[in-house]
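Based on the sequences and whatever the hints tell you, model everything.
Chains as they are written, first to last, in full-length UniProt numbering: chain Y, 1 to 460; chain S, 1 to 460.
A short list of chain Y residues far from chain S (calculated; beta carbon distances all over 10 Å):
hint, residue
1, Met27
2, Lys55
3, Glu129
4, Arg197
5, Thr206
6, Glu225
7, Tyr359
8, Lys404
9, Thr406
10, Thr411
11, Ile439
12, Leu452
13, Pro453
14, Ile458
15, Gln459
Taking lysine to any residue pairs in the SDA-like style, the calculated list, with each CA pair at most 20 Å apart, reads:
hint, chain 1, residue 1, chain 2, residue 2
16, Y, Lys79, S, His7
17, S, Lys379, Y, Glu73
18, S, Lys4, Y, Met16
19, Y, Lys94, S, Pro71
20, Y, Lys251, S, Leu11
21, Y, Lys4, S, Lys79
22, S, Lys94, Y, Gly156
23, S, Lys79, Y, Arg88
24, S, Lys251, Y, Pro6
25, S, Lys4, Y, Asp14
26, S, Lys79, Y, Met253
27, Y, Lys379, S, Leu75
28, Y, Lys79, S, Glu93
29, S, Lys4, Y, Thr18
30, Y, Lys128, S, Tyr380
Keep in mind the hints are simulated off the structure, nothing from the lab. Since this is a predicted model, take the numbers as computed values, not measurements. Heads up, the beta-carbon is just placed ideally off N, CA and C, and yes, glycines get one too.
2 protein chains.
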Amino acid sequence: MTKKIPHRLYLTEDQMPTQWYNLRADMNEKPDPMLNPATGKPVIPEDLYPVFCKKLAHQELDDTTRYIDIPEEILEMYKNYRPSPLCRAYNLEKALETPAKIYYKFEGNNTSGSHKLNSAIAQAYYAKEQGLTGLTTETGAGQWGTALAESCCYFGIPLTVYMVKASYEQKPFRKSIMETFGATVIASPSNTTEAGRKILASNPNTSGSLGCAISEAVEKAVTTEGYKYVLGSVLNQVLLHQSIVGLESEKAMEMLGEYPDVVIGCAGGGSNLGGLIAPFMRDKITGKANPRLIAVEPASCPSLTRGKYVYDYCDTGRITPMAKMYTLGCTFAPSPIHAGGLRYHGMAPILSKLYHEGYMEAVSVEQTKVFEAATFFAKYESILPAPESAHAIRTAIDEALKCKETGEEKTILFGLTGTGFFDMTAYSSFHEGTMIDHIPTDEELQKGFDGLPKIPGIQE
Amino acid sequence: MTKKIPHRLYLTEDQMPTQWYNLRADMNEKPDPMLNPATGKPVIPEDLYPVFCKKLAHQELDDTTRYIDIPEEILEMYKNYRPSPLCRAYNLEKALETPAKIYYKFEGNNTSGSHKLNSAIAQAYYAKEQGLTGLTTETGAGQWGTALAESCCYFGIPLTVYMVKASYEQKPFRKSIMETFGATVIASPSNTTEAGRKILASNPNTSGSLGCAISEAVEKAVTTEGYKYVLGSVLNQVLLHQSIVGLESEKAMEMLGEYPDVVIGCAGGGSNLGGLIAPFMRDKITGKANPRLIAVEPASCPSLTRGKYVYDYCDTGRITPMAKMYTLGCTFAPSPIHAGGLRYHGMAPILSKLYHEGYMEAVSVEQTKVFEAATFFAKYESILPAPESAHAIRTAIDEALKCKETGEEKTILFGLTGTGFFDMTAYSSFHEGTMIDHIPTDEELQKGFDGLPKIPGIQE
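Take a look at the structure:
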């Protein structure tokens with residue numbers, strides 16, 4: 001007898017994971033260490049204390065502890081919106097006439113509108129625990145900023161958000177929602193920081209970038225008493241917190257007697273992808289299973305598919321530590337596409353390492369194709385996806401259509417990271433036929449590579 | 001041993017109701033019949049055929065069938081977002097320091113953003129089944145329009161939406177989302193209909209009203225071949241479809257060993273309130289239990305608390321049947337408050353009758369107090385409520401604070417009908433301190449009453 005699989009499966013509160021999973025502990029080769037830009041030496045926790053909370057600095061550098069307990073206060077706020085549903089896309093499958101089984105883990109059922117809340121809560125909690133008086137951060141699409149504003153509001157911590165100017169202008173209501181949760185929101189680049197003023201001086205009409213907003217937020221944090229900086233992607237600690245997405249997916253699929261042949265996630269800095277694939281990557285590394293793991297990035301910002309695997313700064317202003325990662329160069333300024341959350345020059349070091357070693361695939365897709373998939377999906381599954389999430393939908397649909405060709409009944413799992421309620425400008429532009437695809441030329445990419453750091457003895 | 005109650009309880013798909021509950025069947029005195037405006041006689045199904053689908057016309061007039069099967073195709077789309085969670089507001093309770101137990105049924109976890117989808121799906125399905133070529137409707141806040149656009153997209157039926165001008169201007173992205181789902185959206189009053197032109201001629205600067213948008217949508221439907229009109233509130237059929245909200249709430253509470261002492265819902269036309277309270281009202285009528293049932297309406301549009309229980313038209317243009325209901329008069333034009341979904345001059349006949357007979361209470365609240373409650377709730381429960389829903393939150397908080405005074409451990413259940421992602425203009429106005437409360441004077445109300453219809457032998 002076939003098991004009856006519901007449209008949406010919610011784990012119970014009791015079934016929610018109480019530990020995060022640290023994928024690094026199972027990696028045969030660890031990601032290369034971050035380097036202190038002043039000394040060129042691997043960073044130690046103390047190097048990170050000026051910027052990060054102590055607990056988070058340790059999580060950042062811990063590559064041996066396999067499971068880390070989630071503090072009770074964090075679990076309490078998680079329960080406001082978790083466990084999130086594992087959805088079976090029956091209606092989409094029918095519309096595609098595919099023999100494939102399509103599942104998605106939906107992280108949009110919370111007010112921040114995305115998976116970003118999973119790490120925001122953790123970071124706000126540790127800041128509170130350490131007695132900080134404030135936090136700074138950057139936001140691209142606004143999802144991370146909203147998530148952190150919500151978390152800081154909950155724990156009672158003041159927050160300043162540097163919002164990439166392109167998004168700030170496209171999404172006025174994202175600003176309002178962060179302000180509703182008590183945050184101060186500043187368009188980046190701004191003249192409130194040295195880094196911002198420098199970027200504005202050299203390029204007054206820039207629409208900003210995540211890398212540049214990071215520089216401003218870090219500067220603001222280190223120059224303000226009692227403040228620290230928090231980041232919603234790229235970092236090891238963020239992927240750690242996001243592992244709850246993968247752990248819940250794994251458990252839910254197990255309950256259904258399923259295991260994915262293909263796992264697909266959109267990839268900007270890697271927060272969602274790293275979290276979603278964590279347990280499946282573990283299985284792949286340990287030889288327990290052999291799923292295909294696919295990163296989907298925008299054609300306009302193709303760090304994995306067209307970038308270099310080298311040491312680079314995490315920010316445009318070059319004040320952060322350097323990380324070994326796939327990067328387009330920290331000075332690369334991607335076009336102002338609508339998936340603002342994917343406009344980052346680099347890729348999480350953990351994912352970069354795994355991709356470099358062949359554990360993961362990557363594809364890049366153009367935004368008009370992405371919105372085509374998004375509106376198709378919305379019609380049948382009754383969820384309006386965020387443009388970022390729709391990158392994964394695009395590839396999931398493509399994989400399902402391949403199954404239609406070959407007749408294979410593959411099990412596809414993708415991450416539906418969030419909702420598109422604050423992206424209606426983008427949807428209108430697609431609807432009206434004014435949306436444009438941006439694909440950087442080799443010359444444009446070369447300019448970014450020219451700005452890569454030189455590190456004596458390591459990277460000449 | 002106390003039962004451990006989770007923060008969010010999701011029924012399983014198997015536990016979802018497969019029948020709607022028709023409260024009229026259990027009412028000792030039925031609501032007074034709708035009257036045909038041409039003849040002054042009670043309407044029969046055939047009178048409604050020019051406007052409504054046949055099946056819906058029958059549901060509208062059926063006051064004896066207790067349970068009605070939900071068609072399989074409707075259940076299939078329901079499963080995209082139902083069952084919706086019953087939430088225990090642990091964090092809100094703690095913040096209020098109340099001994100009360102606060103529950104809410106959250107209907108916002110779907111792309112339309114509210115409970116409106118429950119009836120939209122049903123009405124779009126029956127239209128499809130009858131072979132119609134298109135539908136028209138009106139929308140106030142935009143939630144009903146979005147829900148119907150989603151449903152019509154799913155079933156493949158063209159849709160024209162008349163959107164109250166106040167909302168159209170305040171919420172540009174509501175328009176975009178309806179268009180993304182393929183709908184045509186027109187600001188009302190418009191010059192596309194006779195009714196609209198008439199209203200514009202007498203009041204060119206009007207910000208519109210639900211009553212006026214209804215006139216336009218009905219006119220458009222009856223003058224377009226193969227089209228019918230659908231309505232998201234007030235009607236008996238809508239309350240019938242919305243009973244799924246109450247049925248799921250009842251079942252979930254039963255599983256937790258709970259029963260509400262107080263049930264609270266916001267009330268515009270009555271769609272949410274009528275659905276939420278249906279099974280609890282049944283218990284009250286049949287003497288099985290005696291919960292308090294409270295309607296919360298805006299002080300600016302107080303149909304229950306300051307209106308008259310008389311026959312009135314459902315629309316401003318006086319082309320619909322007349323219903324016996326609490327009304328401010330079909331010409332009453334409420335101020336453009338932010339809870340656009342509550343700007344209706346009347347109240348569902350079913351609820352009006354029950355209120356008149358003393359089965360239900362009603363309170364009215366001012367919008368600044370409502371947004372105060374909304375932001376407080378968002379902080380602790382991590383959900384940004386729709387302004388409409390926040391009316392219920394205001395009263396739930398007030399009831400919980402009374403419990404704090406008296407020490408009573410009451411069980412409160414309220415309906416959280418939707419999310420406020422498209423209401424950021426309103427939140428900004430509250431945040432910036434520019435929000436104004438509108439309370440109509442007795443003179444203003446009298447003007448509305450002066451426009452009530454005179455019906456020989458029934459209402460002079």
